Amino acid sequence: MKVTKAVITAAGKNQRTLPLQTLVDRDGVPKSALAILAGEITAAGIGEIAVVVCPGDEDAYAAAAGPFARQMRFIPQAEPLGYGHAVHCAAGFTGDDPFLLTVGDHLYTSRTEKSCTAQLLETAEAGKCPVSAVQATHESKLPYYGSIGGRRVAGSERLYEIETVIEKPTPTEAEQKLVVPGLRAGNYLCFFGIHVLVPSVMETLGRQLAAGRADLSSALAETARRERYLAHELLGRRHDLDLHYGLLATQLALGLAGKDRDEVLSLLVELLAQSNA
Amino acid sequence: MALLDLITSPDEAVRNRSLDAACADLPLDALLAEADALDDFRRGSDNLYHRVRALLFLHSIHRFHLPRLLAAEKPGAIPFKGYENLLERRFEEAIDLFLKQQRESGPGDAISSALAAAYQKLAFQTLADQVRRSVRSVSGNQWMFRMGHPADQPLRLRKELLVRDPASGLYPVLRERTPVRMDLTHCGWSDIFFLGMDYPDGAKVLNISVDLAVHGRDKEPSPPVEASLRVIEQPVLRLTSVDLGCTAEISSLNEVFDFAKDYLGLLKAAVIASGIVPPGIEGSGQSLADLLERVVGPGLGLELVSNVNNIPKGSRLAVSTNLLAALIGACMRATGQASSLTGGLAEDERRIVLARALLGEWIGGSGGGWQDSGGVWPGMKLITGTVAREGDPEFGISRGRLMPNHRILDHDDAPAAAREKLQNSLVLVHGGMAQNVGPILEMVTEKYLLRSEPEWSARQETHGVLDRILAALKSGDVPAIGAATMENFNGPIQTIIPWAGNLYTQTLIDKTRAAFGKDFWGFWMLGGMAGGGMGFIFAPERKAEGQEFLQQLMSETKRTLAAALPFAMEPVVYDFAINERGTWADLLTGSEALMPSGYYRFVVPTLLRMDRQQLGAPRLAELDQFAAACRKRPDLNGMVQKLFDSIFPHSGENSGNRDTLDALLAKYGFDRVMHEQIRDDLKAGRIGLAQNRLPANSVIEDVRESDLANSANLTAAHRERGLKALKNGEVAVVTLAAGAGSRWTQGAGVVKALHPFCKLGGRHRSFVETHLAKSRKVSQLCGTPLPHIFTTSYFSHEPTRRFLDQHDQFGYQGPLLLSEGKSIGLRTVPTVRDLRFAWEEMPQQTLDVQQQKVRDSLRTALIGWAESTGEASDYTDNLPQQCLHPVGHWYEVPNLLRNGTLAALLEERPQLKTLVLHNIDTVGMNVDPALLGHHLESGAGLTFEVITRRLEDRGGGLALVNGHPQLVEGLAMPREEDEFHLTYYNSNTCWIDIDALLAAFKLTRADLKDAAKVTAAIRALAARMPTYITLKDVKKRWGHGQEDVFPVCQFEKLWVDMSQLSSIQTRYVAVPRLRGQQLKDPAQLDGWLRDGSAAYLESLCEWE
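Chains G and L, in that order, are what the protein sequence lines are. The numbers in the first sequence follow my numbering, run straight up by one, and end at 277. The numbers in the second sequence follow my numbering, run straight up by one, and end at 11104.
For the record, the hints were derived by calculation from the structure and aren't laboratory data. Keep in mind that this is a model prediction, so the values were computed, not measured. Be a bit skeptical, because a hint or two may be false.
[Claimed, not checked] Once the Cα atoms are required to be at most 27 Å apart in a straight line, the calculated DSS-like pairs of lysine-lysine come out as:
#1 L:K11032 - L:K10121
#2 L:K10261 - L:K11032
#3 L:K11009 - L:K11053
#4 L:K10853 - L:K10121
#5 G:K168 - L:K10159
#6 L:K11080 - L:K11032
#7 L:K10913 - L:K10727
#8 L:K10159 - G:K141
#9 G:K177 - L:K10159
#10 L:K10159 - G:K13
#11 L:K10822 - L:K11013
#12 G:K141 - G:K168
Produce the complete structure using the sequences and hints provided.
Spelled out as structure tokens, the structure:
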């Protein structure tokens, strides 16, 4: 399975401006968040990117994408009908191909040479099946994420066969349905924000839309019921720009993971010393 | 075969053999060796149920089998340190100390009694710990114990509840209505967790969800319990129990975990068990407002209201558990833990509500059976124990899972017609009795684990009964159901626990059968024991008649037995309907978003007294909507009048109690001057619990063998002499029957003497009848009727007189007299000093962790009550009878002199020389000719009977006090441990030489006619007798079967202190335990029946 297309969603009413923010990337170059994300995607070998945006945001996004604008197309989400609908807006773009799905307000830092996107694509291509990136998450964060239940793939440290997907579960439900052996008590595998999905997901979303409202987690739950669907606990971290101080934390993470690490550390120490004074 | 084989054998038949049978023929040495082997085994075994069975085997050996063989041995002593360990629940340490003592001093009755108690407590502690661990480890419950900070709280309130209606201004109300449950089989208590978890195959019940109405009061059956939840604009938890009339705004986490502070324990347990305030956050020092902000939103809080539609407590329909489940259900729906916000619940949601209800019961320090949340499920269901499989938290620890399985019966299992027929035949009632079922559940567990015959066979029979009921249900054969439940009650249930039935229930059954003949199809006992919730099955055409008949019969029978049995309320008949929906929620919005009507009756008066500005917009909007609803909604008809009545209570409503109390005090010669003196002394600290004690420098030692005689050494000559005196009419019996038996009914205020405590000679017999039967037998033996006197008090006199009249004095042929008490005291509110002394200075039985928390919280509340009511002020806030107290049995003997009873008897039989005085509960005593002969021959003025001490015999004993033998009351012991050096315990049976007694009063027989002289003599001697201050638990009943227990203060003078007088010669005689032991607590009855005491008593009685 070769993945050549990616979909970035950026149409959420509170998230529209976040991908446009400028940050300094790991190489010390100021870029928009969208450009950093697109850079990671293209570096992993994907040539076509669709960005789902609010109608009217196309130009601003094209400008923010910089050199990657050429590989991008912008798909407006005509009505704010939720995340599942936003993803489905790209159905025409993905067609019969598998695709990478990510969100415009998250950036990722990897703990290895390979980027998070590259790690995930490698797993999908080797496993020939859809894969979602996951991260062990404390139960107190359950109200923010989709979460999976499953079992570890034999012989693999970080791969799981997904059995069920529940969007924002309560801890009660999580404890009953999502406990994954091997994780620390009170921790669950929650979505990381990157998935490699297959056309059937778009079909399910389409059916859901026809019936009323589309919801990605339940479409993924159906995928898990129907076919082999893996979760990969990536060696990396996600950074949510939308959190309180999210931009600051993301910038620090990029700085500390990149070539300017010493400079950033000195800056922090200096700030600390000054604030104590 | 070794006893261990009964536990470890791979052969089930061997494991199911009865311990009693295996021990029956073992000699002392062999039995002791078996006990050693069992103790070694239980220390090493990692199998929970093996350990528990071994512990209960050891208990049984030390309680029943060794005492039989040790009768001739030295009684021995119990180390006080071991006793302290026992009280502090350090059972292992206690056992080690007791075993050390046994090794060093040899086996004995005393040490065996201590070991028996320690092994039993450890067994039940082990079981309870296991259940608790399982409750915590049920999946879906665990996360709540990990959560210790508001920032970790993952629950969020559902959005639907956060939107105020723009028109009415009200937040929506989530209302959960839940049926209660009936158990159609009475399962032989197989729903006790311990049984279900060890014997899942035997744990089966047929459980039905029902709606109820009180017959003649309510229009139609409705779900009896409901919970309502809504958002409020204050960062607090506002909890209201409409049924208990209690509300509180809780603003700190500590208050949430303070269960006994008020009547809101159940609501608090629901808030905790549902995870809104998870148990893990207790004691974290965090803020409740922060936690609520996380769950509900900034500045917001929650209001939770419980409402029981006037169904009384103790109905045996699991009202409290289902209310807890309803509250938890509402909280879980509101926080998204059940996906269904409204309507019914899915099976997995019901199971998690059950798991949380179990957790809530544990948190609240109570505990029901596993079928009790049955009302959450719809219709009829078969609930069965389930074998633990790999992956279950119980796997490898217990055979069964904590959580049972529920199979809802479909219309093939129980066709609609059959359900209809059952409803048309069954009359459900609440008999009005309230009893503590706790001891029964322990007895059942113990008998199961010991595989006692015939209880084990009876348990097997109950399975057959269930199958028959299921088959009859399928075929719609209601008479067969009636026959099966009746047979179950008469057979297996009462075989397993004879105390499940009682005279009241038996009377109802007998009279119903007599009135309805073949149209009465059967009786059916609900839940733990009879007397509360019960069912009577009639031919359908006579059901209506049966309802009226039972209402009348129960009320009449209650009137007859009210003084003898603990009734908590007037009996009621229910209308009921099977609820086919189970628990059900609605979201009330707009102008409908109101709480139950009773809530407003309770809170509106307070709101009206507040400044309008203080109320806030949502409260004002609510009052507007409520006012509008009162005008429109038929169910709120008359509400305005009720509100008016709440705001302005009828004048004089509460003055009646005081009038009656004053009249009673006047009637019984209340000594106001002495009372004021006692109150002043109490307040000033001159008297009190601490001052009861002998001076700390008193030397208390055990008596020497020469200080007392032993009945085992009495001879035929003694017997001859006694018989001769009896024949000559020189003896009379005096039974002390003035008291309420506080421990017997936990302060319910019934006359213990009249309590039909046991089936003897084929039917229930009261203490009075039993004592008369013994006197009858002695009269027949000696050929002269024995005079029998019962001393009474303000409290017991009229009921006892009526009771004897109703039963034609039980055909007693000798003189039967009542000596009416002429002394009365008025109880006072205790001082905080005495409460603290009782709870902090004296050794206390520490409870299991959660129960102890509840008790500590209750005690804080009671100290607050004493302070706010006024320390040492008169206790008048209860029924008059509960405010008065008898002033101790010392007065009962002088009363014989003062009220003319003795003078009259002496006139009739001047040869009368000896009185035998004894407690009402010393059932094994009789006028034994040999003991009488011994007393006469010794020439003593008083001869007290003592028995060798066991662990449970607390309250003083025979001691050398500064070298002089005398009986020392427990209250007077300078140090707790002194009592543990004493071999003998006072049975309080006392042979009295009348002339020596009169001499001690400085009176002669002739003086008895001079009332003034007698009164002066009594006052003079009374002044020399110590006065003890005691705390007694008194029940205050209110609402529908609710009871509160208050510790109140009273004073007493006790007969044992006569042994201190030098002016009357006192001697002591040791008698066998069967003769001298007392029945103080109904929980003793089962052991008393099993250890041969009951059979011994029967041998002393002649019933006709």
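Against the structure, the hints:
{"no.": "1", "hint": "L:K11032 - L:K10121", "verdict": "holds, 25 Å"}
{"no.": "2", "hint": "L:K10261 - L:K11032", "verdict": "holds, 21 Å"}
{"no.": "3", "hint": "L:K11009 - L:K11053", "verdict": "holds, 25 Å"}
{"no.": "4", "hint": "L:K10853 - L:K10121", "verdict": "holds, 19 Å"}
{"no.": "5", "hint": "G:K168 - L:K10159", "verdict": "holds, 14 Å"}
{"no.": "6", "hint": "L:K11080 - L:K11032", "verdict": "holds, 14 Å"}
{"no.": "7", "hint": "L:K10913 - L:K10727", "verdict": "holds, 13 Å"}
{"no.": "8", "hint": "L:K10159 - G:K141", "verdict": "holds, 18 Å"}
{"no.": "9", "hint": "G:K177 - L:K10159", "verdict": "holds, 24 Å"}
{"no.": "10", "hint": "L:K10159 - G:K13", "verdict": "holds, 19 Å"}
{"no.": "11", "hint": "L:K10822 - L:K11013", "verdict": "holds, 16 Å"}
{"no.": "12", "hint": "G:K141 - G:K168", "verdict": "holds, 9 Å"}
Hint check: no violations occur; every hint is consistent with the structure.
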